[in-house]
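Here the protein sequences line up with chains A and B, keeping their order.
Heads up: the first sequence runs through residues 19 to 322, numbered per my numbering.
Heads up: the second sequence runs through residues 8 to 533, numbered per my numbering.
There's no promise every hint is true.
[Said to hold, decoys possible] Once the Cα atoms are required to be at most 27 Å apart in a straight line, the calculated BS3-like pairs of lysine-lysine come out as:
#, chain 1, residue 1, chain 2, residue 2
1, B, Lys243, B, Lys207
2, B, Lys37, A, Lys319
3, B, Lys219, B, Lys37
4, A, Lys319, B, Lys363
5, A, Lys182, B, Lys142
6, B, Lys135, A, Lys182
[To be verified] A few chain A residues that face chain B, going by a derived Cβ cut-off under 10 Å, partial list only:
#, residue
7, Thr183
8, Phe185
9, Ser191
10, His195
11, Ala198
12, Pro310
13, Ala311
I should point out that these hints are in silico values taken from the structure, not numbers from a laboratory.
C-beta atoms are modelled at their ideal positions from N, C-alpha and C, and glycine is treated no differently.
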Amino acid sequence: MDWMIVLAFISQMVRISVPYTLAAIGGTFSERGGVVNIALEGILLNGAFTCVLATHYTGNPWVGVLAAVAGGVATASVHAVVSITFKAEQIVSGLAINLLAMGATRFFLRIIFGSSSNSERIAGLPEWDVPVLGDIPVLSTIFSSPLILATIVIIFASQFVLFKTSFGLRLRSVGEHPEAADSLGVNVSRVRYAGVLLSGALAGLGGAWLAMDQHSFTDGMSSGRGYIALAAMIVGKWNPLGAAGACLMFGAAESLQMQLQGQDVPTQFIQMIPYVATVVVLAGFIGRSIPPAADGVPYEKERQ
Amino acid sequence: MSPPPKSGTDSPSIPFLKMEGISKQFALVKANDCANLDVNRGEIHALVGENGAGKSTLMRILYGLYRADSGRMYLDGDPVELRSPADAISLGIGMVHQHFMLVPPLSVTENVVLGSEPLRAGVVLDLKGAAERVKELSETFALAVDPDARVEELSVGAQQRVEIVKILFRGARLLILDEPTAVLTPQETESLFVILRRLKEQGKTIIFITHKLSEVMEISDSVTVMRHGKVVGDLKTAETNTEELATLMVGRKVLLEVEKGAPARGETVLELKDVHALGASKVPTLRGISLRVCSGEILGVAGVQGNGQTELVEVITGLRKPSSGSLRLLERDITGLSPREMLKLGVAHIPEDRLKRGLVPAFTVSENLILGSHFRPPFAGRLWLRREDIFENARSVLRRFDVRPQAPALPARSLSGGNQQKLIVGRELSRDPKLLVASQPTRGVDIGAIEFIHRNLIAQRDRGCAVLLVSADLSEILSLSDRIAVIYEGRIVGTVDSTQADEKKLGMMMMTGVLAKEDGNGAGES
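With the rest of the complex left out, here is chain B (with noise of 0.2 Å):
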């Protein structure tokens, strides 16, 4: 295995984008590193690597929002020089962002056309003919949107096709997609791959950044890895697999599958029974929930999104009230306890948007780490927060947890995701849980956490913690579970032992609420 740096000599023509010799320093960071990059024209061109790899930065620059600090950009072999998104967008260069740039309160024709807005009699906005324009791409590029709905109004992926007709409106020729599909479910992340090929197919060229490795062998046709601002790797998709990529994003082996044993289920640590609840809206989203699960065991719950996943996670750390049933947490009932009640009793919770609810962004790391233990001692005096043991405790935290960098006065805010999300894990973990509840734990972050987060998990359980896994990625669920609960409108339809479960079997029960026929043996939580 010893790729070699540079870019494949295969291809006799002049690339489509050439990237050479790119460098970029931040304050305290070399962001980018002498990188080289070269796309040829209409393929998708995977750029991979962990968090803070610099793949974001590459793209910035391309896209002209930072300038690089030394380095050279061709396009079809011609030098050019950006220096703002204007250059870049003339130069039919155009970049979907991970944080959508989109003005929720405008229509979507509004977005489309906003900073080239084609006139009527030079002052009036002529709306009427971008809409055609855009409901012309929507229809070509298959991508179904609405031109005249609000922003606000759509779900996260017709939003993302939103931000896809905007670059395509300004006539783009190379889509850059900084993580697209870190915000998608499965199913969308499917649509956004049909269109990815539509556009490839129409002669678009494409650089796609992800962590995601299923996703580049699925999508890609070529793939540039990058490791702590440099280039590691430029390889063709057909030609590696999923295990080298790894090696070479993280620098030494990893491992993508969990190494767990059987568990050693214990007694009861938390019982449902018949939960019902309201939703956001008012509308009944649990309709009769019941579920187990027991000390020393995962139990995983698969579902669409959208099925009560969210209600059920805040039902059972107090964050919403059911409407009725019961909850028991060894043998005690909780029905009603408020989070800070159940957080006494032992219940930790990952939650699922770890910027709204897991941390205080604006607060330092050593402040979120205490956060739900900040009121009691060592933490809490008589008067005051004791900042000695309040540090002390973020020290070993982050030491133990492995969050970079190791400095407890740093705001939350300026991690990368991935070391947040290891943040989150540490503070709830170093609680000593009985009952964790963890969701969407390695929602977009890097396979290096993702990996940390998956053993730590299964360390919680063998330590005889129960844990409660909801995730919207199957293969992390049914590679950590021990049981697979399937949620499907606002009730458990089956539970499965893993080890009969496959994502098939899961994906016809997630779709359709009906356990399959020939083993209706799992069945019946209730």
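The shape of chain A in the complex, shown without the other chains (with noise of 0.2 Å):
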């Protein structure tokens, strides 16, 4: 039946988008406080990695996730400390981090799993029953995922967090205009490193979907994720609404792909289709996407 190819495309659609939406909106904190990061590949991969150790080790899933957010925020506070407190190259800091992930979540595979490609099978996290939505046919398995309704609630409060709250209007403001909120009496780089912190709380989150989607850690699994999402978040000009629209069209775009394999079109042209259209929204679609003023500039206090 067409309606339910509709629906399947849907959900594969959501659950496509899901890392990416958690690590657009993790970049968006902290590049709107100033701070580039493209370290979000290495802090995806780190979390997928850290949830699968915590979930075998412990048993529960649940321990998984938090242990994912947990190796995210400590990613993320490497990106931190080279970065804000020592006012580093962000580029090449977040590069450095992508590299160190990739390398330590190999050797440390090798070591623990005794495997160079996975780890062994872990236990995913328990479906819910949610009222209603539970009901509609093929997208209940999007309302029953714990990890996509986390990142719906995700969406919306980090909305509300950067244009509502006080700490929304200082993290724009110090990576707009550092000066003005620092003689404002703002400290710029508590500010600044609550945004990366949380960048990486969001993008491990974005890893422990991985990991539980797959019930495993593979080597590399990221796969380019983090820079689809840099994307996205740019796409979206830096909302995080607007990011988690982006991060549904590449979704689109990649299920897209998927259901065109095994039809008559050559396998590397369908494959080809997230990537053409994000090279597209991105060179045109959009209109001009303006940066935060003061992104990926180090805050230099005493400058004369």
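Both chains are given apart, each in its own frame, so use the hints to dock them into the complex.
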């Protein structure tokens, strides 16, 4: 039935876009505060790995989720120290973290699970039975997933935090004009730290989704999602809602690619769809997307 | 003339603010050297001095941005210690910085509340309530600020008023304004003064930093003069005059009036005929400009800002292509030539924004001094730049144009505004130009540098150069120009001989675009 195909497509699109969305909103918090965070890729990977590790040892997937968040925050804190306290080049710090995460997860995968490709299977999160929403055919798989529900809450909560709370106002101001914030008694470093650590927590949660979705860790399983998330953040104009919308679009493109597999068109072309979509959207569809003015610029307090 | 470098003893009450023996040493300079400052409640107190005299440092110490090495401060007779701006704010001290501390994409209200946000239910920003308060303050002090506007859409004058609201919102009793008029047009300055008087009536105390002495005389009740980090004079405005203040500031007699002889007008150097051009937002901004500048004369272009002055300068220097009309330089058609070709033909340009078009701030002084000549000998060899020649050039220009410090390897960014401007003037004048286009050549620089730049412009004229001077400062136009062209809505509405012009007459033409009736004789360049 056509109708079922559409629902299946939607369901797949949402599932694909979950890790994108979490990482993209994470990136939004970091960059709104003025710290470029391309370490999202490495944070996703580390988050997925710590999730699998904790679940493997405790047998409790919820502990795994917490561990993913903690792993994400820990990874992000490295980026924060390097780029906020030591005012180093943020792109280089991010790249280094990504390379380190790739190497470290592969290394520990080998040591702990004795495999160079994947971990043992872990228990997944329980499925929730949500009233009303859970009764919709096919889509019920979306609303039974705790992480998807959490992501939906996070999208709206982030939008609220960024634009309706004093933390959000301070974060936006230190990303645009840190001198101004400083002159009003706002602690620029502290607010920037909060933004970067928050991005670590969110991207770490995205890593937990990757691990839970596959019930295991596979080597390099983030496979560029952190970078796609950065693109989504830009397409979404550094707004959580916008980023989520962009992630859904990328999710749709990827889902389309999967549905079209096995047709007459050469697979190479079909596999290009998500990336072509990214380029097309970035190049023209969204109009001008202006980054925060102090994005990527370390703040020097005593500059004369 | 020997004012005591101490506070006056005629006021028996305790001063509202007392700063005593403040010293502050930076790496190389002693920015404040045992400086004293007494400010009485409810007065407008001017703090004057040349760039680098230590005014801003003293005020930053008062605002808690810097910590003094030694000295004491008293507010209302009580000793205070300021560790951060937050401390100063809580004591009712507020500061409008020279470079505005506003976040451009945020709304006025968001900017105002930043750092002391009112909350509803403990978490939600109460922007609505804050907007009400902004409106209220705006009405009380005649600030005309729209709480919902985005700061990036506001004019400079309006942004400054937002800064004032920001301070008042925090309950400031003492307002520090760091060179507030440096960025304002004369009209905006007038309305700022209206606001300052209003604030004073309401019992606020104001410290007003400036180096424009006419403003000191107009607005302040008392004056403190600083030079080289020291306080060298503390006077009542009513008991002093600009000459005395200028002498105190510079440490020697200064000529406030420019001395110049009659012009020796020669051949026509630059001629514009019916030039049209689009402005930044693609609207027609120049709408039929015709003018002529001869060798050995200074033609001043006067006008309210935004009537096409910027575009006129850009067209003449090749930065903007005219959409129609023609430009001739020494009988040669130069319409539509590139900036480099213009430069080669002998057009020198002192741009209105020294950091945007005049200098590459991160480059060294010596590198900045060869911009525009960097591609030809003696600075460029076949493959490499010639360091020795570049340094030698820098040393000689720095000496000749008295740029301080005389350090060719220093980044241009670290010079004071006045010295940056002298650097540009030095570079442009050392080309020995045939036509000099000077746009706002003394904006935001101190009297010493103004005097120097003015003398150099006159010297160029006397050498036979044609000088086109564009300035928002009418007194500058009047004192330097030989003829004055008034620009209005992209047209020259009249040209008058400077001997027959005065501020009132020019002001009328600038505002209405109509030449005053009784002398139609000077009009009609076209």
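Hint check, failures only: none
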